[in-house]
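Chain order of the listed sequences is H and V.
Offset between the first sequence (1-based) and the numbering used here: plus 8.
Offset between the second sequence (1-based) and the numbering used here: plus 8.
Since the hints were made in silico from the structure, they are not lab data.
Please note that a few of the clues may not be correct.
For chains that are exact copies, the list does not tell them apart, and a pair is met inside one copy or across any two.
Subject to a maximum C-alpha distance of 20 Å in a straight line, what follows is the list of computed SDA-like cross-link-like pairs (lysine to any residue) [as the list claims (entries may be wrong)]: (1) 145 to 108; (2) 29 to 144; (3) 153 to 111; (4) 145 to 33; (5) 35 to 146.
Please read all numbers here as calculations on a predicted model, not as lab measurements.
2 protein chains.
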Amino acid sequence: MNEPLTMVPIGVVHNDVTAAKGVRWQKVVSRIRIAPELASALEGVEAFSHLLVIFGFHQSPAGPAPLQVHPQGRAELPLVGVFATRSPRRPNPIAVTVVELLARTENVLTVRGLDALDGTPVLDLKPYLPRGEQIDKFRVPRWVKQLREMHDQEKDHE
Amino acid sequence: MNEPLTMVPIGVVHNDVTAAKGVRWQKVVSRIRIAPELASALEGVEAFSHLLVIFGFHQSPAGPAPLQVHPQGRAELPLVGVFATRSPRRPNPIAVTVVELLARTENVLTVRGLDALDGTPVLDLKPYLPRGEQIDKFRVPRWVKQLREMHDQEKDHE
């Protein structure tokens, strides 16, 4: 089980975001430039409204990730295991984000809602499938709701 | 952008499934055994009903993946780019699946719906978050519906 897996990026993110702090990611429009030799592997993605983008947290600090964190570094939220959070510092620095696909031109996708900095390496793209990603009845801990309220409040104060 | 990323598995899947053909994954119950030294990183995951499991397709054939495929190898469905499908043969053999979390005991999770063979290396676990993964209005191509109908028909004939 411990054999390392090596991933070669398939593309890179281009946008105006160079620092994550305070960014309203839902509104950010990014271009994902896929390696030209992989362009034909995108054929038909434009028929999907949403994609899963798998990318690398390439700016996470080096060294082992902390095993427990306060979600988004907010001390007022409980200390939880890093696998209970979407923290960018994790044992394998992989991110998965659902984005809205706005357009495709050959090897370039335009997407909205990708929470990745300019220059982020992209590892994979997958279609968003209702039977699979669409969970109707789910449960989340209290801190997720608290975090949502904090975000909404911060928006109100902008 | 082309610098390879190396991932070290955080755990391994245990179940009774050694070949994928004909398996009804929604019903499969698996255990995910996380490396004991990472057990504390699971603290609090049990408050979530669903998790994203990121794992490696470790049994995909070696060599470059085809850039276009018929979804699930069904010749009656259109030939599309591999990034428009969830095919296990893809440039980076990464899978993302939403599973139901049934139980956690120290470093072992019991989950339902993980479409991974026995022995599959797990790379990451993330909480399923409604604001993020829960898309209300989405569009999928016609072949996704055809595939769903085929699956339902095959079930009826069991």
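Next item on the list: List in ascending order the numbers of the hints, as given earlier, that are violated by the structure.
Entry: Violated hints (numbers, rising): 2 and 3; every other hint is consistent with the structure.
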